[in-house]
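K.L.:
Here are the chains, one letter per residue:
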Amino acid sequence: MAVDKVMNVIRRKLAFGLVALVMGLGTQTGVAQAQDAASILKLAFDNWRADSSFARVQMTIKRATGTRNLTMESWTQGSDKALVRFVKPARDAGNATLQLGSQTYVFNPKLNQVIKLPASALSQSWMGSDFSYEDLSRSEKIITDYTHKLLSTKSVGGKKVYVIESTPIKGKPIVWGKQIVSVRSDGVLVSIAYYDQVGKRVRIMSADKISTIGGRPYPTVMTMRRDGKPGLFTRITTLSAKFDLAIPKYIFTRSNLQNPRN
Amino acid sequence: MIDTLKTFGSLAWRNLWRNSRRTFITLIVVSVGLWSILFFNSFMIAWTQASKQATLSVLIGSGQIHAPGYMDDPSIDRLMQPPDAALTKALNAPDITAWATRLQLPGVVVSEYKTLPITIVGVDPALERKVSSIPGKVVKGRYLKDVSDDGIILGLNLAKRLKTGLGRRVILMSQNVEGKLAEQSFDVVGLFDADKNTEDFYAFTGRTAEQAFVGLKNQIAEIVIVTPDTVNVDTTVKNLQAAAPKLDVKSWRKLSLFLAASDTFMQGFIYVWLGVVFALMAIGIVNTQLMTVFERTQEFGLLRALGMKSRLVLLLVAMESAVMIGVGVLLGIVMAAATIWWLSSGVDLSAFAAALEMFQGGQVLYLKYQPQAFIQFSILIWLLGIIVALWPARRAAKSNPVDAMRRLT
Chain E
1 MAVDKVMNVI RRKLAFGLVA LVMGLGTQTG VAQAQDAASI LKLAFDNWRA
51 DSSFARVQMT IKRATGTRNL TMESWTQGSD KALVRFVKPA RDAGNATLQL
101 GSQTYVFNPK LNQVIKLPAS ALSQSWMGSD FSYEDLSRSE KIITDYTHKL
151 LSTKSVGGKK VYVIESTPIK GKPIVWGKQI VSVRSDGVLV SIAYYDQVGK
201 RVRIMSADKI STIGGRPYPT VMTMRRDGKP GLFTRITTLS AKFDLAIPKY
251 IFTRSNLQNP RN
Chain L
1001 MIDTLKTFGS LAWRNLWRNS RRTFITLIVV SVGLWSILFF NSFMIAWTQA
1051 SKQATLSVLI GSGQIHAPGY MDDPSIDRLM QPPDAALTKA LNAPDITAWA
1101 TRLQLPGVVV SEYKTLPITI VGVDPALERK VSSIPGKVVK GRYLKDVSDD
1151 GIILGLNLAK RLKTGLGRRV ILMSQNVEGK LAEQSFDVVG LFDADKNTED
1201 FYAFTGRTAE QAFVGLKNQI AEIVIVTPDT VNVDTTVKNL QAAAPKLDVK
1251 SWRKLSLFLA ASDTFMQGFI YVWLGVVFAL MAIGIVNTQL MTVFERTQEF
1301 GLLRALGMKS RLVLLLVAME SAVMIGVGVL LGIVMAAATI WWLSSGVDLS
1351 AFAAALEMFQ GGQVLYLKYQ PQAFIQFSIL IWLLGIIVAL WPARRAAKSN
1401 PVDAMRRLT
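Residue numbers (this note's numbering), protein chains in the order written: chain E, 1 to 262; chain L, 1001 to 1409.
It is possible that some hints are incorrect.
[Claimed, not checked] Straight line, CA to CA, 35 Å or less: simulated DSBU-like cross-link-like pairs of lysine-lysine: (1) Lys1114/L x Lys1140/L; (2) Lys159/E x Lys110/E; (3) Lys1180/L x Lys88/E; (4) Lys172/E x Lys1137/L; (5) Lys170/E x Lys1180/L; (6) Lys1250/L x Lys200/E; (7) Lys62/E x Lys1137/L.
Note that these hints are calculated values from the structure, not bench results.
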């Protein structure tokens, strides 16, 4: 029971991270001018941080035991405020996560209680999933904690794609040996591959579908696959999204977390 | 009276050699019986001692000192300052072999593949070598160099579960002094081979390296002490408690209730087991004694017919038994002592290391003489042998000499 609760909590948290990541990568402006690898990434991520967004997102988790579909709504403001609320299925509806800076609150309607998550609970991986909280909440670290090298440029569907190898700076708390990031010239993320320290690929997140949503090109379907676990994946599908909208302040409050006003 | 005893002494001695085969069998039964009791007693005690020692020497030590409340909630909020002058003096007392300070904090270890909960132990390697067996169990790489070594030592099984290895880095996370999440990259410099629990739940780094990692100045989580077997650890605990009244001093019996319980259980078990062995040996000795006395019913009848008092017949039998069993007991003591002496340099069980790991047993047993057992069991066997012989002898001596000679009794 306790394990279930923690896992649920982590799942919500994860969902939040995913949404933040996907939303962020979509809300770009042109970075085509940037030539070196670091600035290509920096521009893409800088744009992501400043924006506000609202989206309806579906998460599909395929595991050996079956497939699970969750639908959630999310609001983000800058890089430090976010609210994610599950709306489907009924079993999970009402569960919500609020992040304010480094503090994370979780609301569980069955307990009718807001729990402030200890940092250590967040650092645990979500069992059976292809994501961990780890790589989601701090994606922006890929700018500051890595050195970047432009490996190649290629053309996919008429768009220029930069393939960048990001290697962690020595001493930074990053477990990956390297990451290979593909970014389209308009700032849309195409894929991120994670490699272990001996150079073996561990997992890859890729944009399966890039289409226009909320008035901009956006990776509407993103899938995380783990090497060595064929057929299993976690997929994020953005159903609808709005960008750069004015979000009322009350959205990111604990009272709204517990008693939704929208 | 002295003359009678002298006569009976030589009579008894001759009787013993009149049927040397019978005497020989009794001697073997008694000596082997006593030898097995004494040897197994020593062996079992060495075994329990070794397993206890092996378990304690991993991390627990003979006792530990913590800040109050740390045992219930081993978090960064329940730490203590390094020992002050009074406590240091108490720790340097002659009945404490060694002591070391540690910073033990809960955390998680992250590799490319997995995130697992662990206890991060910051140690002072020079002191740790004297209190813990972990430094000697590093099978790959090296142990920590000094107190500021920021490498990390992982258990073999943990490294396997994390799919990491020597020379790679892992990320440790723990709560820092401000209550926020601290994370830092640590290079895996060594892997240790201990029991699975220890391998899975403990990772070791330099103490000051860990203090820097979580933002501590010089607070520690515990002081571990080691006392020799001969010292009563409760007295040591009392002395330390007096030197540091505000801290929580506990002996290993309080720290590891399971170990204390199993220690008590094993002590009881040894006695039960020895009781069983003793009963079996006693049956063997009784049987032989009964046989030898019943065989001589005719002889006792003849002695009675010649006018010997039944009391003196009993005395004769008692003297014979006392000498024979006495020699057997002495032989048994010598055999047991020789075996224990031969094995006292250590019985190496490392061939069964894998099987023993399950019991957290020691791999080398050091057998010791148990003087109390030597005296107790020897006297018990000796008395038992004599008493048992007297019963059939009494029947023979009390019976009608004619019937006895005709073997009617």
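K.L.:
Compare the structure with each hint and give your call.
P.N.:
A quick look at each hint next to the structure:
Restraint check for Lys1114/L and Lys1140/L: the C-alpha separation of about 21 Å stays at or below 35 Å, so the hint holds. The hinted pair formed by Lys159/E and Lys110/E fails the criterion: a straight-line CA distance of about 48 Å is larger than 35 Å. For the hint linking Lys1180/L to Lys88/E, the alpha-carbon distance of about 33 Å falls within 35 Å, and the restraint holds. At roughly 30 Å between alpha-carbon atoms, Lys172/E and Lys1137/L fall within 35 Å of each other, so this suggested pair holds.
Distance restraint check for Lys170/E and Lys1180/L: the Cα-Cα separation of roughly 23 Å lies within the 35 Å cut-off, and the hinted pair is therefore satisfied. Pair hint Lys1250/L plus Lys200/E does not hold up; C-alpha atoms about 48 Å apart against a cutoff of 35 Å. Our distance criterion of 35 Å between C-alpha atoms is broken by Lys62/E and Lys1137/L, whose separation comes to about 42 Å.
Of the numbered hints given earlier, the model fails hints 2, 6 and 7; all others are met.
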